[in-house]
Structure formats: C-alpha cells, structure tokens
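Colleague: Taken in order, these protein sequences are the chains called Z and S. Numbering of the first sequence is given in the UniProt record's numbering, commencing with residue 1 and proceeding in unit increments. Numbering of the second sequence is given in the UniProt record's numbering, commencing with residue 1 and proceeding in unit increments.
A few of these clues could be false.
One copy or two, it doesn't matter: identical chains are merged, so the pair holds either way.
Dumping the calculated DSSO-like pairs for lysine-lysine here, alpha-carbon to alpha-carbon at most 30 Å [to be verified]:
no., residue 1, residue 2
1, Lys-132, Lys-193
2, Lys-193, Lys-18
3, Lys-18, Lys-132
4, Lys-62, Lys-46
5, Lys-62, Lys-193
6, Lys-132, Lys-62
In case anyone wonders, no lab produced these hints; they're calculated from the structure.
Number of protein chains: 2
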Amino acid sequence: MSVTDINYDRTMGRWEPKSRERLEQAALALYGERGFEQTTVTEIAKRAGLTERTFFRHFADKREVLFGGSGMLQELFTTAVAAAPAGTTPIDAIGRALDVVAELFEQRHESARQRQAVIAANAELQERELIKLARLGAALADALRRRDVPEPAASLAAEAGIAVFKIAFERWIADPGQPDLGQLMRQSLDELKAVTAGE
Amino acid sequence: MSVTDINYDRTMGRWEPKSRERLEQAALALYGERGFEQTTVTEIAKRAGLTERTFFRHFADKREVLFGGSGMLQELFTTAVAAAPAGTTPIDAIGRALDVVAELFEQRHESARQRQAVIAANAELQERELIKLARLGAALADALRRRDVPEPAASLAAEAGIAVFKIAFERWIADPGQPDLGQLMRQSLDELKAVTAGE
Numbered sequence: 001m002s003v004t005d006i007n008y009d010r011t012m013g014r015w016e017p018k019s020r021e022r023l024e025q026a027a028l029a030l031y032g033e034r035g036f037e038q039t040t041v042t043e044i045a046k047r048a049g050l051t052e053r054t055f056f057r058h059f060a061d062k063r064e065v066l067f068g069g070s071g072m073l074q075e076l077f078t079t080a081v082a083a084a085p086a087g088t089t090p091i092d093a094i095g096r097a098l099d100v101v102a103e104l105f106e107q108r109h110e111s112a113r114q115r116q117a118v119i120a121a122n123a124e125l126q127e128r129e130l131i132k133l134a135r136l137g138a139a140l141a142d143a144l145r146r147r148d149v150p151e152p153a154a155s156l157a158a159e160a161g162i163a164v165f166k167i168a169f170e171r172w173i174a175d176p177g178q179p180d181l182g183q184l185m186r187q188s189l190d191e192l193k194a195v196t197a198g199e
Numbered sequence: 001m002s003v004t005d006i007n008y009d010r011t012m013g014r015w016e017p018k019s020r021e022r023l024e025q026a027a028l029a030l031y032g033e034r035g036f037e038q039t040t041v042t043e044i045a046k047r048a049g050l051t052e053r054t055f056f057r058h059f060a061d062k063r064e065v066l067f068g069g070s071g072m073l074q075e076l077f078t079t080a081v082a083a084a085p086a087g088t089t090p091i092d093a094i095g096r097a098l099d100v101v102a103e104l105f106e107q108r109h110e111s112a113r114q115r116q117a118v119i120a121a122n123a124e125l126q127e128r129e130l131i132k133l134a135r136l137g138a139a140l141a142d143a144l145r146r147r148d149v150p151e152p153a154a155s156l157a158a159e160a161g162i163a164v165f166k167i168a169f170e171r172w173i174a175d176p177g178q179p180d181l182g183q184l185m186r187q188s189l190d191e192l193k194a195v196t197a198g199e
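Only chain Z is shown next, with the shape it has when bound in the complex:
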C-alpha cells in the first residue's frame, strides 16, 4: 500500500484513475529538472496530461505535492504506537511504529529519492521538512503519553524515534541498492541503543 493508493481511495472518483499519482510523478520530475521554484502548476498538469482543475482537486498548491502525505505518516506512526500490546516499553512501541512506516515506503524508493533531492535543493522546503518532523515528534510523544508513559520519558522516546527515522531514511535514500528501509530502521535503532549505552 502506498501513500498514493490511500489518497486515491479517499479523494478520487473512478473517472480519473491514478491522476493523483500521475500528477505527483510529473511534479517530482519537473521539480528535479527545473527546480521547485521554477515549476508552475500549469506545467505539472500538462506533463501529467491532466487539467489544472484536476491538480487543484488533489493539491492545494505545488508544495502540497511534497507534503500532502505528512498527515497520513503521522497517523500511521501514532496508530502503530497506540496498537502496541499493553506492557510494551516506549522504545519498543516506537520500534513497531518504525516497522509499519518502513513498509509504507518500501514501494516508493524512487519517488522518495526524487522528493528528497528536491527538498535538499531548496532552503524553504528544508525548513518545511523540519517542521513536519517536529510535529511528528510531538504527535509521537502524545501517543506515548496516552499509553501512560510519563514525561520526560515520552518526549525523549519520541525524539529518539524521530532521530532514528530521519537517519535511517537518509541512508535509504542515499543508497539506491538498499531496498530494505525496515532493516535500516532496526539497525539505526540498535545503533542508538549502543550509542546511549556508551559504546
């Protein structure tokens, strides 16, 4: 299941199969070729063989092509934390959420790589990405508190989880030959455990 499929089910009718996905692919290709700033919605729609009207049915603006999945990512993370069996330690609840999230991205290596390159080339998008991760951290801490994890343990475990997610994700993006994001997440979490244990 990919981000696109989910959005497809929720927002699209049968008369435009995969138009969200086509728009996303066209946008990512154009952002990569010309830069984010230089690309217009008109061009994205044209490249996708669709109308601007269709674009705006799926995305509020061209930035949302890059960040429209944030809410769902957050929901996946927090739902997975909430679903962990009673008695699961905070860090294991985070580990389970990382597994679930990794699975979501597995099928999207190429578009995730393209997206990351666009963001790396634009200071304003980098800031937006930081804000996304900070919100994700706050939502994770909240999910842990709802499991009766006290502060500051909830916030620390959440921030640790975001650090692992961010670093594993960057390693995955950097290496097109490495398809297993879940494995990188688990490695990075183990590495964090070793680092904080003073190894």
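Given the coordinates of chain Z, work out where chain S should sit on it, guided by the hints.
Modeller: Here is chain S on its own, set in the frame of chain Z:
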C-alpha cells in the same frame, strides 16, 4: 559568563556600556507585552534609552535579538565536544557539552524564559527555532565525526544530544523554581539512556 558579555566584548566600545544587554532586555519586554510582530525597532531603542543606530550596530533586525546567540551556542557545543579527552564515548562527549552549555544559561533564566514565551507565541519564530536546533544537531554530528566517530553513530548521538537539550531546556523554562539546568540536562540524559535500554 553570559551570551551578552561575549557579544559585548566583541562588538562594543567602551562608550556604550551594556547597550546590547539593555536593547535585549527592552526587546524581550516589548515582545512579551505587545507581541513580536507589533514591536518596532524604534520602540525597542526608545525603551532602552538608545538610538536606532545603536540597535542596528548590535542586531541586523528585531529577530536577531532572539537568535543572535545561535552561532555562539553552536560554537560552545562543538568546542566542548572537540575538547573531550581521547577515548571519551560519543554520548559522554555530548554530556560534557551539555554541562558547558547549561553553565552558560544558568545566569539567564529570566531572559531565557521571556525569549521562550515570545517564540511559543509566534509560528514563524517557532520554525526559526527548529531550524536553529537542526543546525546545531548537524554541527554536533560534524564535531563527533572529527573525533572519528563513524556514521550513523555520530548523527544518532548528536540527535540524542539535541533531544536532551531541548527537553531539559523546556523543563527548566517551565519551572522558575528550578535554577539548575545542568542537573536537568543530566537527568534527561539518564532518562534517555533508560528509555533506549527498554526501561
């Protein structure tokens, strides 16, 4: 030693003793009373009993009153990591840096509290603060790599350090009766170790 003293030594002549500090205090008071957006440089200078010209000798704009110390904070962090004895583990090097940084802030509880309240009330300033912390994390990871800490351990230890800093700082700000930031930093670091160890 405070942020203000250091900036004073570097940028000011003897003819305006403490003018940077006076401008900072005036600005923080006004940002708190009227909001950051609604405060002008003219008002800050007037409140401090100084000229706008003097303001601009110390700060590029009114936002820099809040973020002008970021560079020095980063330098303190990275210098402390670099100065840790050979053989110090990455997490202990981070712990030393947190001690040094805590000392810097000890004398500035009230202005730190005021600053945080201003930032909490303004979305754009919150974003700026996130970017500051992200840069700090990248600089810390860089300082660890220069100690031959490999990746991803360097980035994970750095991100863990930033999480501890952020959370201890927030606890310190929230409790005016708690003057010992260093103690909160050490507690939070111990708590992170316990959390990642699965406690």
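Colleague: Could you run down the list of hints and mark each one as holding or not?
Modeller: Checked hints:
1. Lys-132 to Lys-193: The answer is both: 25 Å in one copy and 26 Å across copies each meet 30 Å.
2. Lys-193 to Lys-18: neither (42 Å within a copy, 46 Å between copies)
3. Lys-18 to Lys-132: Answer is within: at 26 Å inside a copy they meet the 30 Å cutoff, but 39 Å across does not.
4. Lys-62 to Lys-46: Answer is within: at 14 Å inside a copy they meet the 30 Å cutoff, but 44 Å across does not.
5. Lys-62 to Lys-193: neither (39 Å within a copy, 42 Å between copies)
6. Lys-132 to Lys-62: Both: 17 Å inside a copy, 26 Å across copies.
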